Amino acid sequence: MDRATFAYSTAFFRDFGNSSPRALPGGHVDFIDKADSFTYSDFFRDYLIPNHPCIFSAKFTEDWGSRKNWVTWDGKPNFEHLLQKFGEAVVPVANCDVKEYNSNPKEQLPFREYVEYWREYIRNGHRSPRGCLYLKDWHLSRAFPEQDVYTTPVYFSSDWLNEYWDAAAVDDFRFVYMGPKGSWTPFHADVFRSYSWSANVCGRKKWLLYPAGQEEFLKDRHGNLPFDVTAPDLRDKRIYPRYSQSQPPLEILQEAGEIVFIPSGWHHQVHNLEDTISINHNWVNGCNVAVMWCFLQDELAAVQREISQWKDPMDDWHLQCQLIMKSCTGIDYKEFYNFLKVIAENRISILEKGLDEESSSQNNSKAAISTLGMLHAVFDLKRTVKVLSSLSANEDFRKLDLTSLSPAPEALLQHLESAIDTALL
Numbered sequence: 001m002d003r004a005t006f007a008y009s010t011a012f013f014r015d016f017g018n019s020s021p022r023a024l025p026g027g028h029v030d031f032i033d034k035a036d037s038f039t040y041s042d043f044f045r046d047y048l049i050p051n052h053p054c055i056f057s058a059k060f061t062e063d064w065g066s067r068k069n070w071v072t073w074d075g076k077p078n079f080e081h082l083l084q085k086f087g088e089a090v091v092p093v094a095n096c097d098v099k100e101y102n103s104n105p106k107e108q109l110p111f112r113e114y115v116e117y118w119r120e121y122i123r124n125g126h127r128s129p130r131g132c133l134y135l136k137d138w139h140l141s142r143a144f145p146e147q148d149v150y151t152t153p154v155y156f157s158s159d160w161l162n163e164y165w166d167a168a169a170v171d172d173f174r175f176v177y178m179g180p181k182g183s184w185t186p187f188h189a190d191v192f193r194s195y196s197w198s199a200n201v202c203g204r205k206k207w208l209l210y211p212a213g214q215e216e217f218l219k220d221r222h223g224n225l226p227f228d229v230t231a232p233d234l235r236d237k238r239i240y241p242r243y244s245q246s247q248p249p250l251e252i253l254q255e256a257g258e259i260v261f262i263p264s265g266w267h268h269q270v271h272n273l274e275d276t277i278s279i280n281h282n283w284v285n286g287c288n289v290a291v292m293w294c295f296l297q298d299e300l301a302a303v304q305r306e307i308s309q310w311k312d313p314m315d316d317w318h319l320q321c322q323l324i325m326k327s328c329t330g331i332d333y334k335e336f337y338n339f340l341k342v343i344a345e346n347r348i349s350i351l352e353k354g355l356d357e358e359s360s361s362q363n364n365s366k367a368a369i370s371t372l373g374m375l376h377a378v379f380d381l382k383r384t385v386k387v388l389s390s391l392s393a394n395e396d397f398r399k400l401d402l403t404s405l406s407p408a409p410e411a412l413l414q415h416l417e418s419a420i421d422t423a424l425l
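For reference, each letter of the sequence shown is one residue, going 1 to 425 in the UniProt record's numbering.
Hints were generated in silico from the structure; no laboratory data involved. Certain hints may be false.
Said to hold, decoys possible - Straight line, CA to CA, 20 Å or less: simulated DMTMM-like cross-link-like pairs of lysine to aspartate or glutamate:
1) K311 / E255
2) K76 / E299
3) K59 / D74
4) K399 / E274
5) K136 / E120
6) K76 / E116
7) K34 / D74
8) K85 / D97
9) K334 / D396
10) K326 / E80
11) K334 / D312
12) K206 / D220
13) K85 / D42
14) K76 / D42
To be verified - DEER-style ranges, computed between Cβ atoms:
15) N224 / Q414: 33 to 39 Å
16) P232 / K353: 38 to 44 Å
17) A393 / E146: 28 to 34 Å
18) T72 / E352: 48 to 54 Å
All figures in this text were calculated on a predicted structure; none of them were measured in a lab. A virtual CB, placed ideally from N, CA and C, is assigned to each residue, including glycine.
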């Protein structure tokens, strides 16, 4: 991060509310063609901070192992190569033809069986009595770290989610999707209202994007979001009374090799127009961590409303609300504190010690953020302090037993503020 970008981002986020996204002028989505003339600061300033989508050309992925080895000469999935490398894996597969709790039901299948199904599906004119099956949310990088699949573009390297969960060694938010023509993902926003990027290894996708806030106009009279935003019943005012107030979605046709950047909190629906393989990351950083915090507060409030009748008779009602929220979202307030702490401590380590030559050569999150420079570490600390201050003052957080948190929130805040002051001397 250069000094001009640091100054711009500091001014933009000076007020907590400035993290809200701005409207896109004319609904235009920029196409980034050349990697050699587009810098990290360009992306940070023009897309991350204002929360705008963009498309990266296939030039940004042309050196990936998956682009070279997973695709046949005519642009189709290279099933033989994929079976050779991953044939014995077990993968999560969704049935796109079945709706279950506003999602598609999933099952675990051997990868070899899924490829056999896919080939048969193609031979039958993209039809099958088993329905349209879509391999989704496969943690391939975690299962096969030795494989030459892809390198995360520098623009997406400030990735707090994967930095934290990699350190915990329990999960990650890096996924591979593989599906036939006609497979699709229903209307949704990403986990924690995070950013996402999605690269087509092969095939084509159609994206329908709605800027944050537009989803409110798409809810039915019971407050539920639609499963499919292309369904004709959305035009029925008796069911969707505010649909006429919504803006048309931004439509993106993503070609093979291209990367789509999805802004934080934007709802979207995705259709595979051809047999398609894609690589996806969800990620949070200093630009949208406040959005994640607002999402968690909204989720807790929803849980509290749902079990409000048990507040008086239940002694540990506040704790139960946290447990339910974690079961639904994957995180509670105390883990969110630890999430912020780990990120902050990593940034302080960079400021105090720098990065030695051995660590710099490693392909890990700390090495990635260090390459972005000291000013980026300071920016991250400033954003962490802002959100941590809000968390520490939150009434629901303060009602929890915080004695297990080390250091205590107040002590951590003081340490971070001191580190920022020292770094800016």
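Hint check:
1. K311 / E255: 52 Å, violated
2. K76 / E299: Violated, at roughly 41 Å.
3. K59 / D74: 18 Å, holds
4. K399 / E274: With a Cα-Cα distance of about 52 Å, the restraint between K399 and E274 is violated, given a limit of 20 Å.
5. K136 / E120: Distance ~19 Å between K136 and E120 Cα, so the pair holds.
6. K76 / E116: Between K76 and E116 the Cα gap is close to 15 Å, so the pair holds against 20 Å.
7. K34 / D74: 24 Å, violated
8. K85 / D97: 29 Å, violated
9. K334 / D396: 11 Å, holds
10. K326 / E80: 40 Å, violated
11. K334 / D312: Violated, at roughly 23 Å.
12. K206 / D220: Judged against 20 Å, a Cα distance of about 24 Å means the pair is violated.
13. K85 / D42: 37 Å, violated
14. K76 / D42: Between K76 and D42 the Cα gap is close to 33 Å, so the pair fails against 20 Å, i.e. violated.
15. N224 / Q414: 33 to 39 Å: 44 Å, violated
16. P232 / K353: 38 to 44 Å: 60 Å, violated
17. A393 / E146: 28 to 34 Å: Hint violated: Cβ distance 46 Å, outside 28 to 34 Å.
18. T72 / E352: 48 to 54 Å: Since T72 and E352 have Cβ atoms about 50 Å apart, the given range 48 to 54 Å holds.
Consistency with the previously given hints fails for numbers 1, 2, 4, 7, 8, 10, 11, 12, 13, 14, 15, 16 and 17, ordered from lowest to highest.
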